[in-house]
Each structure stands twice: as C-alpha cells, then as structure tokens.
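Position chain V against the provided structure of chain Y, taking the given hints into account.
2 protein chains.
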Amino acid sequence: MKKNILYAQSGGVTPVINATACGVIEAGRANLDRIGKVYAGKDGIIGILKEELIDTSKETKASISALRHTPGGAFGSCRYKLKSIEESKREYERLIEVLRAHNIGYFLYNGGGDSSDTAHKVSQIGKKLGFPVQCIGVPKTIDNDLPITDNCPGFGSVAKYIAVSIMEASLDVESMASSSTKVFVLEVMGRHAGWIAAASGLVAREEGDPPHIILFPEVPFKQREFLKKVKASVEKFGYCSIVVSEGVRNSKGKFLADAGTRDAFGHAQLGGVAPVVANLVREKLGYKYHWAVSDYLQRSARHLASRVDVEQAYAVGEAAVRFALAGKTGVMPVIKRVSESPYRWKIEEAQLSRMANREKMMPKRYIAADGMGITAAARRYLAPLIRGEDYPPYDRDGLPKYVKMKKVLAQKKLPEFDI
Amino acid sequence: MKKNILYAQSGGVTPVINATACGVIEAGRANLDRIGKVYAGKDGIIGILKEELIDTSKETKASISALRHTPGGAFGSCRYKLKSIEESKREYERLIEVLRAHNIGYFLYNGGGDSSDTAHKVSQIGKKLGFPVQCIGVPKTIDNDLPITDNCPGFGSVAKYIAVSIMEASLDVESMASSSTKVFVLEVMGRHAGWIAAASGLVAREEGDPPHIILFPEVPFKQREFLKKVKASVEKFGYCSIVVSEGVRNSKGKFLADAGTRDAFGHAQLGGVAPVVANLVREKLGYKYHWAVSDYLQRSARHLASRVDVEQAYAVGEAAVRFALAGKTGVMPVIKRVSESPYRWKIEEAQLSRMANREKMMPKRYIAADGMGITAAARRYLAPLIRGEDYPPYDRDGLPKYVKMKKVLAQKKLPEFDI
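Chains as they are written, first to last, in numbering that gives the first Met the number 0: chain Y, 0 to 418; chain V, 0 to 418.
None of these hints come from the bench; they were simulated from the model.
Idealized CB from N, CA, C, for every residue including glycine.
Among the clues, some could well be false.
[Unchecked claim] Not close to chain V: a few residues of chain Y, all C-beta gaps over 12 Å, as computed:
| hint | residue |
| --- | --- |
| 1 | Glu96 |
| 2 | Asn102 |
| 3 | Trp290 |
[Stated by the list, open to error] Short derived list, chain Y residues pointing at chain V, Cβ under 7 Å:
| hint | residue |
| --- | --- |
| 4 | Asp42 |
| 5 | Gly75 |
| 6 | Ser76 |
| 7 | Tyr79 |
| 8 | Ala168 |
| 9 | Leu170 |
| 10 | Asp171 |
| 11 | Met175 |
| 12 | Ser178 |
| 13 | Glu205 |
| 14 | Leu303 |
| 15 | Arg386 |
Next comes chain Y alone, as it looks inside the complex (with noise of 0.2 Å):
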C-alpha cells in the first residue's frame, strides 16, 4: 500500500513559505504511483497532535498552484515546541500515533532550527516505537540563521522588501530635508542575527546613498559614535537613513527597546527600538525625525518577493518529496552557491543532526569597520539573493489573488489528545 506524505510548517511564516509547500504538493501529485495522498498538519504540528490533518487532495490544482504566490501560512503554523524525547515522550508517542493512524510514510517538516530539531527526533522515536518514517527537515526563516545552507528560503523576500522601502523613504526624507524631517528610521525584524539589517546596505551603492547607518544586533549600541556619524549624515548629505534591528543591545547586553515595559509573562515587550532611536536623536541633537516600524508586513510583502527566494522556496520542497521517494531520512534539502557571478545555486542534502539548533550569525567580515554598514563581502553575498522580481497576479479590484485553501480535514481514527 502507497504510503501518504505529511507536511507541515512551524514558527513565523514568510512571504515564500506558501511556495514551498506548492512545490512539496505538486511533486506529490506527479508521483501518484508511489505516493498516497499528501496531508497537511493544520496550525502546524498543534494540528497533528490533534488529529487534525488536511487532506490536500481536495484542493484543486489552480489553488495548489496560486499557493506559490500566497503569503502567510495556507494551512497555518504554530509556535510549539518539542522538547527532549524524555520530556515530551507523550507528545512524540503520540505524533507516531496519528502518522501509524493515517499511513504515513514521509513527515516534511518545513521550519527553522528548532523544527530539524524535531523532525529529527521523530525519526528516531519513530524507529524505537517499531514505525519508521522518513523524516525530511524543510528550511525556512526569513532570519537567515540556519547553518549549512547557503541561505534560508524566506529571508531574499524580506530583504528586497526591506531595501526597497528603506531606498523609497529615503528618497522621500531626502526631499523634505531641507525645511523638515532630517532624519529616517526604519526597524527592521532579527533579534539575533543581523540579515535582514544588513540587506538593507544593498542600497548603499554610492557614497551619500541610504542608509547611511545600520545597527546590528551583532554590535553593542555606542551612542556617541552613532550620534556623531548621525550629525556627519545630516551635515554631509542633508539627512540621514537609518535602518535599525529590533534585536540591538547596549554595551551591557540590554535591548535598547526594553523601555521597561513587560508584556503578558512579564518578558521585556520588544518590537519598538524605532522610537528610542528617533528620540534620541532629537533629543541630543535637536533633528525632526520620522520612524516606521515595519513587523508583519515585511515578513507577508509576497507583492514584492525576490524571484530568486520563490524559486527556491519552491525547489526545496519539491527536492524534500524528491529526498523522501530516494528512501533517505534525517535530512535536510540545503542551498548550495555554485558560483557567484554568474550567481549560480543548486540543492544539496545536509544531515538534520548538524542543522538543529545552531544559529547561523553574521560574520565579523560582513561588518564594516565602524559597525554601522556592511562590507563588500557581505555585498557579494546578499546581492543575488534579491534578484528578480516575482508578482502575484492581480484582480480588476487592484487587489492580489491570494488563495484560500478548502481545509478539509481527513477522518479522524483516533482517541482526543489533550495539548
């Protein structure tokens, strides 16, 4: 009997995370001779502890298809972690109890770190309990913190999104400087890693051009030298852009967001380092600002991805059911960079045990020398990641034609399951 695929996507989604799982689908559909049905956890792994598994099938194709240019997560995602076998040995007991339920030979896991993490495990424990499932890690995160890849499917939308606002606004600022606004800026998401900061520097091709400072997360805040380089902008190019990560500490390892609030479990409330900036600039050096906040919206922009993230959002999840026809488990599909210029990339395999939690930060040589822009290193790295421009079609209304998908769920077989 064909074995079915499970899929399901996990953590913060991204404009291209829809394209990957368009790409698991249709090679799932081209491969009816060896594989069953291709079902979907719905909210993510949440959904498969519940025995709520979407059957795919019912989708028709032109909706399949429309995924590849659909932001947000079509069958949901969730935030929800596994941890270790022995303390969450009920939770993976029971995900090989919904997998044995409904035949399923392949689990595609389509996250970040934490999620190779898991996928790894359940082929293990799955092999224990006396059910082995090929488990197939799927990368994405708009973070760009993954080893071993070369890049994470999600983040080359972002970063185009990110450079191109920053180089409107900019060019916006600029033409208010005179008897207005001076200066510009823009927070931009990664808490740990600087990748999509750094893209913005993308923009940045000749001298005066925007933004004329970016703050990493990567490099403790040194307010005087960030001042005075604010000043140097302002005097040298009549404003100055800025581009900002959420995730920026000061010298003593302090969020420079955490203006003390704390939010609903009394954690630091993060997501507004825009407004310190901004206030600090007017306040020691007296210039009107403006600032934007751009959270969700950078990572669902789909109306403005890189052509060259979608088509690799879609290659990864077509090579992860490529992966799992070829009988191998405990793997990821990676990107690798062939050549450069002409950018050049093609998928590898990497071994799930080495991708799980292991944040991938930006190096030192990325990071120009006053630690406020990037090198041509990193130039060359991120320039081809926002190649090409990849438009969803739109309706006579002016609106994108973003899909919905049916979510019918498949027969439940199996007792409720408390999570």
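Below, chain V alone, put in the same frame as chain Y:
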C-alpha cells in the same frame, strides 16, 4: 519672447508627485514653440525665494520619463507656508522679483490646500506689482482632503499600499493565531481625515475578512466598544486585524498617541498610536499582539502604485500646462468622476479661490454604524482608485531604477535673500 514655466512641489511628497512633474515637463517640451524653459524650484518655494531654479532642460528625455515611476520629490519639496499678503509681504515681493528676473509667465504650484492659497495670492500680487503671472495650482496630497476634486493624486497609491499590506499581514496573523499572535495593529497616516484608514476596508469583502476594525480620526475612540469588538473578532475568526489612523482621539479630543508613555530615556513618546492600542488590548484582554507603523513607507511605496493614480497624477501635470497655454490663471485642474461602473474620469477646471483652506473629511455615510468600518457607499467611491498596477523597472540587482535629477541651477541674477 517666449515665457518660461516655473514648477514647484510643496508639502509632504507622494509616491506619484513626480509623475505630475513628468506631465508638466513633457507637456512643456511638447510646446517649445510657445514655451521657453521649464524651471523647477529647488526644495519648493524655498528655492524660489533663494533664486535656486533648476533648469530641467539639462535633464535627458529618459530621466524626465523616469520621473513617472520615481517616488519622493525629485526637485525637493518643503514645508514653508506663506501667510497673508500683509504678513508675508516681503516674501511675496521677492517671489515676483524672481519670476520677473527669469521671465516666468506661468507658475505651477503642486501641493495641497495651503499651496492653492499661495498660488492664488501670487496671482493677485503679481497683478498688483505690474508683473502678471499665470498661476495654476496642481493637486497633490495623500490625505485626499482637497475639496471639489473627486480625489487627490497620491491618495490612490497610498490606499493601495495600505490595503495590500493589511491583507498580507492579516494572512500572516491568521496562520499564527492558534498558538501565537492574535491581534495585529497597523498605524496609517491621516491626522485629520480617515481616507487612508478607510481604504484598508476594501480588503474586507466577505464576513470575517480583515481588517476587522478601522479607527478613524473622525470618530472619537470608545474603549469599551472597541475592546468588545476585538474580543468578538478573536472568538469568531480566530484573530483580529486593526487599522488605526494616527489622528485618532479620545472623547476629550486628546490624541490616543499621546498616552503619556515614556521611552528608555524618560521622554514622552509621540507618534505611535499603534503601540498604545496594542498595549490596551493586551492589558484588557491579554491577547498576544504585533503592531506596525508604516509612516513614510506608505507615502513613498512607488513599487506598489495604483495605475489609476499614476495616470491621474500625470494628467493633472499635463493639464496644468494646457491651462497655462490657454491663458488661464487662478485655477487648478481637478479630477471629475464621470461614471462609477465602468469607472471613467476626466480633468476639469476649478477656481483656486474655492480650493484654498477647506479640508474634505470622510462623510458620515462612508463610516459604518458602529464607527469601526466602511459602508458600501465608501467602497463604491474608493474601489476604482486602487485599480491597476504600474510597476517601476528594476535593475539586474533587483532594485527599482529610480532616477536622480542633475539639478543644474539657472544663473542667479538677483542679490541674496534671507529667509
């Protein structure tokens, strides 16, 4: 001797104000038998007072053509309001002196209500000082608050950007809501008029569609009703997507953005109503939230312009030159809606004296009964304005090909002037 045109941009720029400049300059170049040069004030009227006139004949045909797809204000703009003729006599006289020195026959002033007023006054004082100059206002404002004209060039593109952005971010939130973020708040511009916020409502075509709540400056904020609707949305649809205008006030007329919060340096934090609304939701309902402030991104996002808007922006520039050549003065080309379905429009002529200092608010019949959404009448009005796409060209590095003007100044002929 042929007279020259002097064109100037005024106030906050838009994604398409340069399309208007393109219309002016291309129409000027098409009529070289009757028009001398087209000058542009550097940084708007400040440059005119300083006798800094950019000679647009020094720009190539390709550069002028590229203005059509370039955001920001290509010649610079400014916030500099001339007062009454009595109060600002010195400036008005200097303006006329500069116009006379450079043989300006036509003054085309591209701005909002204040600029209409200034253009009108220049027309009056020119006559009085024996240098009659034809003054044509050219409409521009993302706020869509000019009277008489059906809509304002600049608004449609911002409207489209905000509509697409809330659509995309909502797909993101929806996919995460089972275990993570349940409420998303997007802050948009519009301090006095809620047109931009209203445009987001175009996305909500079926029950449950985002945004679930729109907060307008025209409607005093009612905390209890707001929280009730947030809760109902989360319970019914799984999440709640909110668009809030920067100008929302409480029942005492105080801006919500001015909530007395302090940043890390102890300063009052202004210009962020989104975090205030988001914090309120968490405090009262306990939902996990995210918020974004699009600020200048929204008014410079030429990468996602409305085609209708670009065409109208170009058309008002072209019409201004046509009006000038027809001997008109003290007028403005405005947009007249000829039919709604199919949408058809044409350019008409309005008296500047009727445009000045009148703001067009959202009419009551466009705001839903509960004050937190738009009506079918609003949809009919807004829908055509975001139709069609008009992408800028991109270079091989994946960035838009936005143009920079050379900004060659005409030889000065007058003594310095202190402003």
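Against the structure, the hints:
| no. | hint | result |
| --- | --- | --- |
| 1 | Glu96 | holds (21 Å) |
| 2 | Asn102 | holds (25 Å) |
| 3 | Trp290 | violated (6 Å) |
| 4 | Asp42 | holds (4 Å) |
| 5 | Gly75 | holds (5 Å) |
| 6 | Ser76 | holds (5 Å) |
| 7 | Tyr79 | holds (6 Å) |
| 8 | Ala168 | holds (4 Å) |
| 9 | Leu170 | holds (3 Å) |
| 10 | Asp171 | holds (4 Å) |
| 11 | Met175 | holds (6 Å) |
| 12 | Ser178 | holds (4 Å) |
| 13 | Glu205 | violated (10 Å) |
| 14 | Leu303 | holds (6 Å) |
| 15 | Arg386 | holds (4 Å) |
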